[in-house]
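Undergrad: Protein chains in written order, with the working numbering: chain A, 78 to 211; chain B, 14 to 978.
Each statement offered as a hint is correct.
The following label-pair restraints were derived from C-beta to C-beta distances:
| hint | chain 1 | residue 1 | chain 2 | residue 2 | range |
| --- | --- | --- | --- | --- | --- |
| 1 | A | E111 | B | D86 | 27 to 33 Å |
| 2 | A | K114 | B | E355 | 21 to 27 Å |
| 3 | A | A110 | B | N853 | 19 to 25 Å |
| 4 | A | K114 | B | S310 | 33 to 39 Å |
| 5 | A | A110 | B | D814 | 22 to 28 Å |
No farther apart than 30 Å at their CA atoms in a straight line, the calculated lysine-lysine pairs in the DSS-like style are these:
| hint | chain 1 | residue 1 | chain 2 | residue 2 |
| --- | --- | --- | --- | --- |
| 6 | B | K380 | A | K133 |
| 7 | B | K630 | A | K130 |
| 8 | B | K630 | A | K133 |
| 9 | B | K309 | A | K121 |
No lab work stands behind these hints, which were simulated from the structure alone.
If you're wondering where the values come from, they're calculated on a predicted model, not measured in any experiment.
Backbone N, C-alpha and C define an ideal beta-carbon position, used for all residues, glycine too.
Read off the chains here:
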Amino acid sequence: MIKFFLMVNKQGQTRLSRYYEHVEINKRTVLEAEVIKNCLSRSKDECSFVEYKDFKLVYRQYAALFIVVGIDQTENEMAVYELIHNFVEVLDKYFSRVSEFGLMYHKILQEILKTCCCTDLFLRQFFQPYFCYI
Amino acid sequence: MPAVSKGDGMRGLAVFISDIRNCKSKEAEIKRINKELANIRSKFKGDKALDGYSKKKYVCKLLFIFLLGHDIDFGHMEAVNLLSSNRYTEKQIGYLFISVLVNSNSELIRLINNAIKNDLASRNPTFMGLALHCIANVGSREMAEAFAGEIPKILVAGDTMDSVKQSAALCLLRLYRTSPDLVPMGDWTSRVVHLLNDQHLGVVTAATSLITTLAQKNPEEFKTSVSLAVSRLSRIVTSASTDLQDYTYYFVPAPWLSVKLLRLLQCYPPPEDPAVRGRLTECLETILNKAQEPPKSKKVQHSNAKNAVLFEAISLIIHHDSEPNLLVRACNQLGQFLQHRETNLRYLALESMCTLASSEFSHEAVKTHIETVINALKTERDVSVRQRAVDLLYAMCDRSNAQQIVAEMLNYLETADYSIREEIVLKVAILAEKYAVDYTWYVDTILNLIRIAGDYVSEEVWYRVIQIVINRDDVQGYAAKTVFEALQAPACHENLVKVGGYILGEFGNLIAGDPRSSPLIQFNLLHSKFHLCSVPTRALLLSTYIKFVNLFPEIKTTIQDVLRSDSQLKNADVELQQRAVEYLRLSTIASTDILATVLEEMPPFPERESSILAKLKKKKGPGTVTDLEEIKKERSSDMNGSAEPASVNASVVSTPSPSADLLGLGAAPVTNSAPPPSSSGSLLVDVFSDSASAVAPLAPGSDDNFASPDLASSEVVSEEPADTVHDADELFHKFVCKNNGVLFENQLLQIGLKSEFRQNLGRMFIFYGNKTSTQFLNFTPTVICSDDLQSSLNLQTKPVDPTVDGGAQVQQVVNIECVSDFMEAPILNIQFRYGGTFQNLSVKLPITLNKFFQPTEMSSQDFFQRWKQLSNPKQEVQNIFKAKHPMDAEITKAKIIGFGSALLEEVDPNPANFVGAGIIHTKTTQIGCLLRLEPNLQAQMYRLTLRTSKEAVSQRLCELLSEQF
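Excised from the complex, chain A in its bound form:
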């Protein structure tokens, strides 16, 4: 199963995090810092799967944005790897220029909150493959 989902920028700041297992808030910070360090230090020709403690990290980079998913042994790495792309494509369809997430951050929130109707679609289609996967 998927344990967590992180969006991080190149400076190592967490932009979005979602946990599917209970992790205490203060432990999250430590975990995120380590996870990010592990992924950011890797070069492009290294593979996208990193063993970390007792689980695996699958990550993808989109310009300055990293998406990192923590999974356990039962998950299919390649399927998760492609899921990230699917997720980003949906994001991209709804909000242009996902890559500049730093700027987008407020905008996405604004969209979610302002056009409520969108949120449903947002949840349904954009999170659907994602929810289905947990």
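We have chain A; now place chain B onto it with these hints.
TA: This is chain B only, laid out in the frame that chain A set:
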């Protein structure tokens, strides 16, 4: 769905958000937020009732402020109000707020649950969807309690909309993950399985996730899902690439669903029904065929999705391990990936192949890729891929290619990343031992290991080489010669000095005939390294010297001179000083005969599982490698008898003790389960001796366990720490009748207990001893009581220092109060970091009901009178059982007294029977207990009868006591 076009409404929110975005500094942002918070507060408190729209707007603003990272402490009530709105947008914002900012305010939870209940019953799919999302997002126990019974009904109801079914399945999955006990199984389960046939692929995807998780715990209940999953999978893989519309991803039909279905099938063995089985084989073949077809799209997403399905199919093929044809095809397919330009594919191919290597059908096929894998080791730029290559080489190794693989690993070791060196060292050591036909090759390999990566050669590795050399006399001469040569290098690793010192001490005589390695030269060579070594190594060398005195009388005086020198006799280290003094005395006063007996060659070590293997397993944790290893071991029947598969777990505990044991010097009379103390001074305080001065000073053992005349030849067999092979439960039962002792022990940690009880109170001292020379970090022991237990047993512990130094011991006090009678035992969980690895272990803490016994003496008449009073069938519990220990009356008496009750003599008319009486003290009540134990020597059976005023107490005491005899 209400139509709210983009940008419509909530202008205030838009203005606020753009204000925030225009803030130039953090301070400006905070100022703007505070202004807004004040505004919202006044609106909420104002007299004028707010309309839904305004409420929604303000709640939105609060949510936005919260998401920016500020605390929000009001607005919950307004959000809950929004839940009961009939307008979608308002309800939606209410739910969003609650999902994000739920708090445990019970009043609010009740209101929220009520609103959710209404929405679930509303039959409006959008509202139901929102409610289900909210339950899933919050996922708390309270939510599970309220809705876990309801959701299965929604899920299987015929008239539920697809989107709602989908949400319901995922919501149920979420609740099952958090509180499996609250999700009732029932007839809905069989109907859920049929969702796999649903027309809507979204529903199928959600249902597959749910069923997979449920089937892992209840395989029988969901068995019918196999055939349905196979037929669904078959329909997907044979569909044209555009058939599934939305669910086609870059021309791959429903890749994620396929992966999930294949994963579900891995919960079960191959289908028994030949038709289903045939269909599944067809599916898998189709997937393998498709992998060979030219891609339908040049996009990498297309091939990634296709490969995701392929890898999952291969996992299933390996899981079934029954179709040789498929296994070989899978292997060939992966072989192509080994040279693919995508690093991800190379990584995954190596990983999958590793499991393929363990199947007898594909082992040979995997072996054909050896050159490619070796090449990967040399050329891969990514350490995680190289690591996989090492794993695969290890998995594919057998007698035919062991020499080549070991040589390649040794080669790689010279340049390997520091992070994986130790693991490679262990692997090389294991392979070299396992596949050694010629033990000279083994010795060479290990010495090479020490030369190349001495720092990464753990103690287990060099212990093992010594064990093997001692046990095999055909290699001893060669080993002596080789270490002698290796020691001549100007700079050699300390581990080599240890191995060299040990082997020359035992077998130096075998090469002493050669003038180039005469006794004196051997001695001088070793002694030239002496001053550069650490204390434990020097101690070992001193033992070598005394062995030389026996082997080579001609250099006795030289050695005595060395022992007599100030740097030895007056050494600051007490262990070295003592060795020097005692060895010197021994060499002076003992006759040749005595010397020869004392310093005789070591007897062979008992065969046991390689401690290195145990270490590798531990390093890897319980996971694939272990399993693989197990499988391999079962298959490889020969292997020089180094391992007994049956004792795998046991042997993990019985790693040889430190260096002194190897020399047979630490052979103190081992009385109980205490490990033989090591000579390096890292002794644990003996917490369980019965003497008053239980907390003894460090290392008293060195004096008396050391070099008493017959020791060096005493069998190492006696040190085989058989007693330390703990079965947790067995140990737990030992504590029922005693209060002090060792509760747990492994290579790293020893846990000792001392406890005292009076009436309903008790105190337990837990001693944690670090057996290693390395610090434990983040050391956190926690005592865990289940919910039931918490109400009846009050435990208070103080935290302990999170670092435990090597060799040190820390103590923790647990204050115990028994509130009412209880059944279970608390669990002691200990977590710490040792080296780089995280350790986590749990043991039952022996706090049992009988500890609160106060013995009561009474006459025969009283006893039987009370016995009759407690004649209600519910008050009596009887157990007839076979004796597990010899039936000795004295021991039995001691046990009954240890159990806590009084032992009443001359009460029972039959003198062979035992009777006891006592009172269990709890805070709330006192419970009188009578017991009677009737042994039947002939049948080797006991009958135990307990009568107390409370049924549960009789039951528990009977259980506890029955285990004792």
